[in-house]
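Chains A, B, C and D are the protein sequences, given in the same order. Anchor point for the first sequence: position 217 equals 217 in the working numbering, and the numbering is continuous, going up by one each time. Anchor point for the second sequence: position 1 equals 258 in the working numbering, and the numbering is continuous, going up by one each time. Anchor point for the third sequence: position 147 equals 661 in the working numbering, and the numbering is continuous, going up by one each time. Anchor point for the fourth sequence: position 215 equals 986 in the working numbering, and the numbering is continuous, going up by one each time.
Be a bit skeptical, because a hint or two may be false.
[Unchecked claim] Computed Cβ-Cβ distance ranges for the label pairs, DEER-style:
| no. | chain 1 | residue 1 | chain 2 | residue 2 | range |
| --- | --- | --- | --- | --- | --- |
| 1 | B | 423 | D | 803 | 48 to 54 Å |
| 2 | C | 666 | D | 814 | 40 to 46 Å |
| 3 | D | 818 | B | 322 | 33 to 39 Å |
| 4 | B | 322 | D | 952 | 25 to 31 Å |
| 5 | B | 409 | C | 592 | 52 to 58 Å |
| 6 | C | 666 | D | 923 | 33 to 39 Å |
If you are wondering where the hints come from, they were derived from the structure by calculation, not from laboratory data. Keep in mind it's a predicted model, so treat the numbers as computed, not measured. Note that beta-carbon positions come from the ideal geometry of N, C-alpha and C, so glycine has one too.
Number of protein chains: 4
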Amino acid sequence: MSDTQQDSGSIRVAVLGAHGRMGRRAVDAISEAADIELVARLGSSDRLDAALDAGATHVLDLTVPEASPQNAAFAVEHGLHAVIGTSGWDASRREQLVAQLGQSPRVGVLIAPNFSLGSVVASAVAAKAARWFESVEVVELHHPDKADAPSGTAVRTAELIGQARAEAGVPASPDATRHDPHGARGAVVDGVHVHAVRLRGLHAHQEVLLGGPGEQLTVRHDAFDRGAYMPGVLLGLRAVASHPGLTYGLDGYLDLD
Amino acid sequence: MSDTQQDSGSIRVAVLGAHGRMGRRAVDAISEAADIELVARLGSSDRLDAALDAGATHVLDLTVPEASPQNAAFAVEHGLHAVIGTSGWDASRREQLVAQLGQSPRVGVLIAPNFSLGSVVASAVAAKAARWFESVEVVELHHPDKADAPSGTAVRTAELIGQARAEAGVPASPDATRHDPHGARGAVVDGVHVHAVRLRGLHAHQEVLLGGPGEQLTVRHDAFDRGAYMPGVLLGLRAVASHPGLTYGLDGYLDLD
Amino acid sequence: MSDTQQDSGSIRVAVLGAHGRMGRRAVDAISEAADIELVARLGSSDRLDAALDAGATHVLDLTVPEASPQNAAFAVEHGLHAVIGTSGWDASRREQLVAQLGQSPRVGVLIAPNFSLGSVVASAVAAKAARWFESVEVVELHHPDKADAPSGTAVRTAELIGQARAEAGVPASPDATRHDPHGARGAVVDGVHVHAVRLRGLHAHQEVLLGGPGEQLTVRHDAFDRGAYMPGVLLGLRAVASHPGLTYGLDGYLDLD
Amino acid sequence: MSDTQQDSGSIRVAVLGAHGRMGRRAVDAISEAADIELVARLGSSDRLDAALDAGATHVLDLTVPEASPQNAAFAVEHGLHAVIGTSGWDASRREQLVAQLGQSPRVGVLIAPNFSLGSVVASAVAAKAARWFESVEVVELHHPDKADAPSGTAVRTAELIGQARAEAGVPASPDATRHDPHGARGAVVDGVHVHAVRLRGLHAHQEVLLGGPGEQLTVRHDAFDRGAYMPGVLLGLRAVASHPGLTYGLDGYLDLD
C-alpha cells in the first residue's frame, strides 16, 4: 500500500473552534462517523501543537477570520490536510496559501464557503442552466433575525448566473416594468433580480427561477438547521487527502461536471 | 314553482364586450355550459336594446370602465341580473348602483374585480390566517410584459392582510434587516412586504407565506391562462339571481365563512 | 371587573406529562410566555392534587390515552380549565366529558388533535375550497422513520374534503388513468388521492392541490420541528376559559368562518 | 470562410409532419426566428424530394415512428442535417443510423426524446445530484386526461437516478413504512418512489425531491403548454450542423457537464 493510500485511508481529525456552534455540531457528526476518528477538540486558548501531539492527520478549521490563515499555515507546514469552513478567505489570502502548498505537494486543503451539499449543487446547477433560459431571478428566504439582505449565498448565486450569461452572450432577462413605486422588483445583482423574504419559522432557503416560453425550471434548496452542513463537512474530510493542493468550494469534489 | 325559482332556473345571457379577449373566452365558456343559454353577443357599436330583443334574463358586462355604469343601470332598469367584470367600480359608483337597486329589490348584481375562484379563495384565506402567524409576506410572479409592480391583486391581498392584522392587534412581522443596499426586501404595502418576480413562461401567480415558530403556511394560486376566469364567470351567472342587491367580490358567493 | 374576566385574565398552569418530549417543550414555551404562569410540572408518578396545591387554574394534559380521561375528569371536577393534546379521545369518551361539563357550566375544555395553527388552518381551508375545484389531491411528506402511510393528518384532511364535496354534490375528480402498473396514483381516501413521500431532512409537511380549468390553488403546511405546536398550545391556554364547555379541535378558537 | 462554417451559418429547414400539432407549432416558431429559414412544410402525402427541390439544408422530423427512419435515411443520404422529435428510436434503429452516418462524416443528426430545455436540464441535474443525498423521490403532475401513470419522463428520470446511485454505491433511500394499506407510497421504479398527481388545470410538471440531514434540494420543471418545446427545437436546428454524427438527447448540446 502506498503512503498516499494510507493517508487517504486513515482520517484522524483535530477540530479547531470545537466549542462554537458549528464546532460542537461537527464534533458530534465526526463522533458518529465510523470511518473518521476525532483526536482533538481545540478552542481559542489551546495550542495548535496539541493537534500534532494527538496524532492528527487532518484539521477541521471552524474558527474566526483572524485565526484561520495561521491555522491553515500550521497544518500545511506539518503535512496535515485541512478542511476550512471559516469565512474571510479572499483571493489574496488564498494566493498565499497556494504558494505555501507548492512546498507540500501531497497536502490537500479545502476551503468551503458553504458546506451544504444541496446549496452547492443548487448554485452550480443554476449557473449552468441560466444560459438556456430567457429569464432568471433569485428568491432567498431566511429567519427574521438576519441582518443582511440579500444573503451572501444569494449574492454569489446571482454573480455566478450573471457571469455565465455574460460569457454566453445571453441578453438581460426581459422586464417591461415601468411603474414600481415601492421597489417590489427587489435588488439587482449582476443583472439578476434578487428578492429577500424574512419569515419566522424558516432557517435558510433559496429558489432560482428560470423561465422560457411555456416552461419554468425551479431549483430550490432548503436548509432546515445546522445539521444541513454536516454531510458536506464529512465529505470534505474524506476527500481532501486525495485532492492535493487548494480546492476552493465543495463543488470541486462533487464531480458535477 | 315560485317566480323566484323560475328566475333562478332560466339563465339567458347577453354578453356585452363580446369581441374582446375576455369576451370571446366567455362566449366559448357559456356556449359549452349546458344550463346557460347565450342569447346575444354585443360589441361597443351595438344597442343595449338588443339584449332585451333577444329575451336576455342576465347580462355579462366585460366592457370598459367608461361604459360599464350605463350598462349596469340599463340592466337594473329592465330587471336583468348583471355580472360585471369590468374594472373601475370605485365606492362612489357602487353607491349609485345600490341606490338604483333599491327600486328593483329582486334584481341581483355581482361586481367581480377577479373571476378566478382560486385567487379569490386564496386572498380570503390569507387574510383570515394572517392574524395567527407572526410573519407574513407576499410574492407575486407574472409574465415579463407586465408594466406594473406589484400586481393589483397583490396590493389588495396585502391590504386585506394588513387590515386583518391591525384589527386583531397583531404586531408587525419581525425583521432585523439593517443592511439592504439594493432593496432586496421589496415593497411594503400596509406593513406587508410584497415581492414581484417577472419571468417568461409565467402568466399570473401569487404566494402568501405565513410563518410562526417551527412552521410555515403557504397559500399559492396559479393562473395559467385566461381560462382560469371562466369557472368564476359561470358561477356568477348561476348565482346572481338568488343574491338580490349588489355583491362586491366573488367571495360573497363562495360561502367561505 | 367580573369574575369571568378575572378567570380569563389569570392563567396558572399545571402541566401533566411534563417530562415527555411535548411536555418539556411546553414547559419551556409556557416559561417564556409573560402572561401565563407555570405552577406545576407533573409526571406519571405525581398526584393530581399537586395541581390544586399549587393553585392551578388550568391544566395542560400531554399524557397518554390511558390517563387522559381521568385527568380531564379531575380538572372539571375541581373547576380547572383543561387543554388536552393527548390522543385517543374518540366520540364516546368525548360524550362522557360533555355530560360531566353539564354540571360545571363555567369550565372550558379544549381537546386538540393537532396544535399546529398552520395545519389546522390548512385543513379547514382545504375542505372549504374543495367544493369549488374540479380536482383535488393531497401530498404529504414526512421523515423516513415514520411507520404509517399516509399520515393521520392526511387521512383526516382527505375525509374532510371528501365529505365537503359529497355534501355539495361535486363529482369525483376526473382521472383518465387506464395504465398504472405500479400504483403511482397512490392511495384513495374518501375519493381523494393521497400520496406519501418519505425524505430524510423533512419533519411533517402537507400539500393540498386543487385544480380547475387554467388554474391551481395550493395550500401547503410545513412543520419543521415540535416548536410548531407551541403557539397552538399557548393560544389554547389563553382562550379556553372564555370558551366554556367542550371544544374539539383548535379551529373552534380560530374564527376561520 | 470554410465550407463547414457556411453549412453552420445557413439554416434552411424542411419540416416533415408540418400539419400535426407539434408541426404547426414548429412552423410558427421557425417563421419567427430571424436566423432560420422555413423552405418546405411537408405532410404525409408529400414526396421527400420536395425538401431537396426547396433547397433545404436541414430537416425537422415530427412525424410518426413508422415514417421517421426512412426520413432520417433520406436526409443523411442527401447530406441534410436532421433534427428528429419523433418517438420510437430504440437502440437497434439508432445503430443502423450510426452505420449510415459513417458514410457521411459531415452530417449531424439529433434525436431528441424531449425538446423541453427545462425538462432535459432537470433530469440531468437530478441524476448527478442523486449520488449526494440519502433520499430521493419523484413526483410528476399532469392534466387528468392522461392515460398512463407514471409519465414516461418520470420513469426515465427514476431510471437515470437509480442507475447513478447504483454506480456510486449509494444505498436505497431509507423508508420505515410498515403500514400502507392503500398504496400511498406510490410506484417504485429502479428503487425510486414515483408519485403521479392528476389535476385539471395542469399540463406537464415534475419534481425531484432530494433529502439529507437537515436539508432538501428540489428540482422542479413546469411545462405549461406545447410552446415549452420550441426553444429546444430551435436550439437543435442551430447546433446540429456543428455536431456531426448522431447525438441522442438534447443534453448532448447543452454543455451541462
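Ascending list of hint numbers which this structure does not respect: 2, 3 and 4
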